[in-house]
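Each chain, letter by letter, is given below.
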Amino acid sequence: MGIIDSLTAFQIQLITTLIKFVAILVLALQVPPLMVWFERRAPALFQRRKGPNRVGLFRFRLFGLLQSLADTVKLIFKEEVVPDAANKVFYHLAPVIAMFPALVVIMAVPFGNDFHIGDHLITMSAIRIDSGFLFILALSSIAVYGVAIAGWSSNNKYSLMGALRASAQMIAYEIPLGMSLIPMVLIYQTLDLNQMVLQQEQVWGIFKAPVSFVLFFICMFAETNRAPFDLAEGESELIAGFHTEYNSFKFSQFYLGEYVSMFTLSLICSCLFFGGWQIPFVSYQTLVNLTGYEFIASIIGTIVLLHKAAFFMWAFVWVRWTLPRFRYDQLMNVGWRFLMPVALVNVLITAGVLSFIRFGG
Amino acid sequence: MNPYLPVLGIIVFSIAFGMIVSAASMILGPKKTYSKVKYSVYECGLPLVTSARERMSVKFYLTAILFILFDIETVFLFLWAKAFDGLGWFGFVEAVLFIAVLIVGYVYVIRRGALEWE
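In order, the protein sequences belong to chains A and B.
If you read the first sequence in the numbering used here, its first letter stands for residue 132, the second for the next number, and so on.
If you read the second sequence in the numbering used here, its first letter stands for residue 189, the second for the next number, and so on.
Some hints here could point you the wrong way.
Stretch-level coverage of chain B by chain A, calculated; a stretch enters the list once three of its residues show a Cβ under 8 angstroms from a Cβ in chain A [as the list claims (entries may be wrong)]:
id	stretch
1	202–213
2	269–283
3	289–296
Which residues of chain A face chain B? A few of them, derived with a C-beta cut under 8 angstroms, are [claimed, not checked]:
id	residue
4	L265
5	G309
6	V484
The set of hints was computed from the structure by calculation and includes no laboratory data.
Just so it is clear, CB atoms sit at the ideal spot from N, CA and C, and this is done for glycine as well.
Based on the sequences and whatever the hints tell you, model everything.
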């Protein structure tokens with residue numbers, strides 16, 4: 132403890148923020164390769180075939196787990212072909228814009244409860260601000276710009292169509308997504324995600340606001356352009372949608388952004404509705420007493436949260452191979468004419484019930 | 189430490205990371221011969237008919253306009269939701285009035301057929 136005592140509070144915060152930042156970044160960047168592998172193995176399971184199972188280390192095949200690594204190396208060393216007609220500046224800018232919000236937003240997710248080192252309070256998220264919830268919502272919508280710019284700058288009709296569809300769909304579903312979260316703020320009365328998780332020690336959020344969960348769950352798929360809402364890359368009509376003209380690693384940057392934002396949404400969903408890092412029936416204090424260290428209890432919380440998020444990642448793949456794709460007018464009708472009124476009524480009913488409970492008749 | 193300092197640092201780093209990664213693939217990839225066909229816009233192998241800078245359906249524009257309207261309403265509702273306990277019944281009634289106005293606008297938009305997709 133001698134070293135910690137000699138450091139100032141600022142230095143402690145700086146060092147721990149850096150450690151957390153690197154740890155979460157490494158975690159976030161592990162998700163896309165793993166999911167790419169999983170997204171080939173899971174449909175193989177659905178369709179009773181083997182899927183990629185050859186690439187491994189020396190004589191060990193490891194269920195083809197290293198397939199993604201091989202793909203990544205291949206993508207980096209591929210020739211990059213930028214079409215002559217493309218608008219060069221925006222063409223190179225788009226993958227960066229599509230990727231960076233996902234990497235920033237995941238830093239604001241509380242991976243465990245705050246713990247103390249000496250007298251210093253250390254949070255388990257790299258970004259901890261009072262309105263962390265609004266920060267997540269605000270930044271995650273920047274990804275639309277990446278999609279729109281990519282489609283326009285490619286100067287390709289398929290890209291343009293895909294980008295228009297994708298951006299219209301993403302902004303249409305952002306409204307019910309935002310509105311489905313208002314009841315959660317009403318219930319928890321805070322905009323800090325860790326405070327929300329702390330309040331779910333007894334009852335999970337899903338039991339307090341089941342309609343919100345259903346709305347959020349549907350919007351998760353539309354926001355990340357996943358099946359059954361993957362109109363943007365309807366391959367039979369639009370080739371690959373907005374990233375048709377992208378190749379080598381720029382192409383995979385879009386996927387990186389998509390998978391990391393899927394992971395972030397899964398984490399947020401677990402935090403809001405499924406108790407985040409809380410283990411059911413076991414309070415944080417019990418864990419601290421059992422293990423003796425706050426730090427270890429927080430790390431156990433991280434593992435619990437990752438398992439909950441992994442379930443939703445599985446659900447993404449599960450739904451993709453179960454449901455057929457929507458038609459575009461159906462998609463827009465579901466968003467504007469069904470989800471939005473339901474979300475509004477949900478806000479009103481939740482507010483009414485809470486008013487009766489909290490302020491009396 | 190100011191809690192917004194890491195936010196700034198992380199945003200700058202994430203943008204830099206994206207740029208480094210996309211630059212890496214530009215530098216590391218092989219540069220092969222140039223040909224007019226290879227660098228033309230992909231249109232299923234057929235010669236280009238027209239440029240992609242065409243007129244698009246106005247529906248997308250309408251969707252974007254309506255999004256701005258309704259998303260700002262959502263932002264207002266977030267602030268009300270945070271202050272819900274402090275405002276009491278007064279806040280609830282005000283919010284109901286606000287959402288009622290919103291619903292009137294929503295019904296108008298639907299009746300005018302702004303959200304019809306065929």
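Comparing the hints with the structure gives:
Against chain A, the stretch 202–213 of chain B contributes 9 residues with a C-beta closer than 8 angstroms to a partner C-beta. That satisfies the three-residue criterion, and the hint holds. Residues of the stretch 269–283 of chain B with a Cβ under 8 angstroms from some Cβ of chain A number 8, which satisfies the need for three, so the listed coverage holds. Note: the stretch 289–296 of chain B has 3 residues with beta-carbon separation from chain A under 8 angstroms; the three-residue rule is met and the coverage holds. At about 7 angstroms, the closest approach between the beta carbon of L265(A) and any beta carbon in chain B falls short of 8 angstroms, and the interface hint on this residue holds.
Among the interface hints, the one on G309(A) holds; its C-beta lies about 4 angstroms from the nearest C-beta in chain B, closer than the 8 angstroms criterion. For V484(A), the interface hint is violated, the least distance from its beta-carbon to any beta-carbon of chain B being 11 angstroms, above 8 angstroms.
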